[in-house]
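Student: Residue strings, one per chain:
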Amino acid sequence: MNANPYPILRVNGLRKHFEVGHPRKRLNAIDDVQFDLFPGETLAVVGESGSGKSTLARCIVRLIEPSAGEIELDGRSITQLGPAGLARVYRRIQLVFQDPNSSLNPRMTVRQAIEEPLQLQLKMSRAQRAARSRELVAMVGLADEHLDRHPHQLSGGQRQRVGIARALAAQPQVLILDEPTSSLDVSVRGQILELLQDLQQTLGLAYLFITHDLQVVRRVSHRVAVMYLGGIVEQGRTEDVFADPIHPYTRALLSAAPTARWGVTRERFRLAGEIPSPVDLPDACRLAGRCPLAEKPCHQAKPALIPFGPHRAVACPPALAQRQSLVV
Amino acid sequence: MSADTAFDPAARHSSPVREPILEIDNYGGYFSTSADQAPVLKGITYSLARGAITAIVGETGSGKSLTALSMLQIQPASFVRTSGRILFDGQDLAELDERTLRGIRGARISMVFQDARAALNPIFTVGRQIADVCRLHQGLSRNEARDAAIAALRLVHIPDPERRVRQYPHEFSGGMAQRVMIAMALVCKPELLILDEPTTGLDVTIQAEIITLITELCRESDLTTCLITHDLGVVAETCDYAVVMRRGEVLETGTCEQVLTAPRHEYTQQLLAASRLVDNA
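If you're matching them up, the sequences are chains A and B in order.
Using my numbering, the first residue of the first sequence is number 1, and each one after it goes up by one.
Using my numbering, the first residue of the second sequence is number 329, and each one after it goes up by one.
What the hints contain is simulated information worked out from the structure, not anything from laboratory work.
Misleading hints may appear alongside valid ones.
Claimed, not checked - Examples of chain A residues toward chain B, derived with CB under 10 angstroms:
1. M124
2. D213
3. T259
Backbone N, C-alpha and C fix where the C-beta goes; we use that ideal spot for every residue, glycine too.
If we strip away everything but chain B, and leave its shape as in the complex, we get:
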């Protein structure tokens, strides 16, 4: 039996005040395709502290993923922004042109999506897909990029990476495919990693391994991580800060400890009660 080293509450909040790497300020909008054009995001304001793991928690329709997609400016084209800014390194991402954004996506901000096997291209080897990212952003040669891909797979603890780079996505299990996605997201050493429900759909034992991996990678490299999830169990295991959203609004923000032990908003309390079906789990 081995104790879980990834979870160490004392190690969290080690640095006192952290400056934000990304700030969402009063961000709002609606879908032009909806009949009543009702706002789907209402004055979203939160920030991601540098080097910390921040959880964005909410149920279906809370707007948590839409906000995250906006950080990469890959939200659906029918989304119309009515207010606010998304400041990354002092510049408003919503104002940048496509060319500048391409230089940021995958290089400085990268994202891991929920269903890894759907997010990978089935007709290319995983090595090729990871290598493409390096060749685009870092101008590496074919060989250098392949070595980078092998190193990336090794980083996420995929056994036998030299063989695995030549395999196709269907040859990977769900948990291994999610590791590939994380490897691909980290290969250009981004400053900000966004994980959209990275463990939803995975089995609990696999989920536990992925969570351990994520926390380990973030602690080691001081990477800033934004973890989008509906699962407060995952939040309790990994995060420094938490943002609770419902129906396009931010209801509560705080340190993970404060949100989990002394939730201020009634909805957070309900969500916690619903997540803890039994008293002493």
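Okay, chain A solo, but in the shape it has when bound:
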């Protein structure tokens, strides 16, 4: 992957809670999340709806103000930066949204959408902008003629390409991709993933890839972090996690995904019930009420991520104890 030992993005102890309802209750959308993202790598954040993965994306670029924690971009904290400082940060870290229909302004042509960041962030002249926008559309596989179209004249896949071109305009080092393929047909999904992988190769980008699509995780990511109710429950190299999931939630998630293959029987690992409401959660393992492995301590304190080998961490003492007893 990459020999550079310094993370381009480091997130530590990140929390975000919202006050909801009457009387006020606390909803922990992100609960003590930490990870490193290295240059040139893809870290997938996978989880189901309500796991807090989109809130995480928005907190990292401070579109939502985190409640606590530290975000470092290339060794410098961006947690306390004001608007001017953030504007500089956005040259280096950009977000691509899920739904290109609502993230592109319907009244702007592709050219205007792409030139806007060039003008605002890089203060380019008209001629420079024209040259650079042609370069950008070519980079994402569109033609010059698309520059003068409006979003409604483009297909879903083309719109997502515009979203990517716009994010790349200021030559960032980190892209946060929030479900970039989930509103697309499968045949288009493959093309967009290929484009993203090519761009990563040529530009050396680091991706924080937020998705619920396990096939996408396997295809594009080097490492994966599995989220459940606001916290990371398992983290590791993608091939390791998929070959041998340890955390009960990871096992349940991976065994539930269909394969599009005839006659493949999967052993389902089932959890009881559904994801509980994230409001006013007790200090316990978030999965304890649904988990077949749950023991008494699981209901008494929230387990932290425990390292398992050099590249793996799992927040489940009972599952790890099972492993170790097997090894011995």
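For chain A, the structure is supplied; the task is to place chain B on it using the hints.
Tutor: Frame of chain A, contents of chain B only:
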């Protein structure tokens, strides 16, 4: 760990030849609102075998949902039929009057839509909404209908149905709301159940539960099911037969096994490749 009992390839195609319950024959048409009036359905021909699960597979704009809506004659009013018939029990649905159709919809053919919480009426309890179906089609009393609603919720494994019937749609999660829709569709014991993208928008673990439920219900009651989906993963898990559509045309029909293991049409092959992003999932 429990093995998934719903998936058993050997149990499929148990009866050799199945007669169709519904036949779509050369069905075609266009939208009168489109400028060029280009056909959106072109000579659609396929049939739904009695007691089997048939998948209609296609991407956006393939016409898969429009065809299914036509089975209930609830397609958009701007759709103009130019050819073909939809034969259900020997009669052409497109020729029936509204009164006769009302007797068929929800009673003999019922449909489950993609976004369950949008399909339910937010201002009535789910019990009332299910009960209304029974009272209309079966003439049940208020009490009988409530009991039928509770039984229907129990059938789709909703815990504590006596309490749940009194709740409103917003009190249900997406997966539970989809179970309610399935309960409502099955409460009058229809012969044909149409499911339009029943698991799209649901999380994978919830999707797996809903798929298991659908296969279980179909196998137990010998219900005929038409499953509309863009997801070949769902097809592989559930179906006996598959129909592949693209841009208003049927490209390929066959048993699910044949379509998934030996696709004949180039597009089916591409779709399969695109659905299997990794080699050994």
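Student: Does each hint fit the structure? Answer for all of them.
Tutor: A quick look at each hint next to the structure:
no.: 1; hint: M124; in the structure: 36 angstroms, violated
no.: 2; hint: D213; in the structure: 9 angstroms, holds
no.: 3; hint: T259; in the structure: 5 angstroms, holds
The structure fails hint 1 only (numbered hints given earlier).
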